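Enquirer: Sequence:
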Amino acid sequence: MAGIASARLRAGRKAEKAQPGRIDHPEISMDPSVGMENGVQLAVIDIGFQALSIFLNLILLLFRDVLGNFFGSILGLFTGTTP
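The sequence shown: position 44 = 1397 (the working numbering), numbered continuously.
Keep in mind that the hints are not guaranteed to be accurate.
To be verified - Just the calculated beta-carbon pair ranges, DEER-fashion: (1) L1414 x V1393: 27 to 37 Å; (2) S1406 x I1427: 30 to 40 Å; (3) T1432 x N1410: 27 to 37 Å.
Rather than coming from a laboratory, the hints here were simulated on the basis of the structure. Computed from a predicted model, the values in this text were never measured in an experiment. Heads up, the beta-carbon is just placed ideally off N, CA and C, and yes, glycines get one too.
The task is simple: from the sequences and hints, build the whole structure.
Expert: Right, dumping it as structure tokens:
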């Protein structure tokens, strides 16, 4: 019973301390520029990942073409066909 009473007392103190418009979590900010900075950072990261993805896809296409011709030529030596 003592645990329940102390928990209710703590909850009451928290309710008294909390005020409308006040944020009790320090990681949440009311400053709108903070959210904008985070949004811009996420957009830059997203653009960076898209650019990296395009670059890696181009390299993959190049290697697939070059390696395909290379191994096709080697295979052609044994089978008498050409790619």
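Enquirer: At the C-beta level, are T1432 and N1410 separated by a distance inside 27 to 37 Å?
Expert: holds, 31 Å
Enquirer: Does the Cβ-Cβ separation between S1406 and I1427 fall within 30 to 40 Å?
Expert: holds, 31 Å
Enquirer: CB of L1414 to CB of V1393, is that within 27 to 37 Å?
Expert: Given range 27 to 37 Å: holds, Cβ gap about 32 Å.
When the structure is compared with the earlier hints, no violation turns up for any of them.
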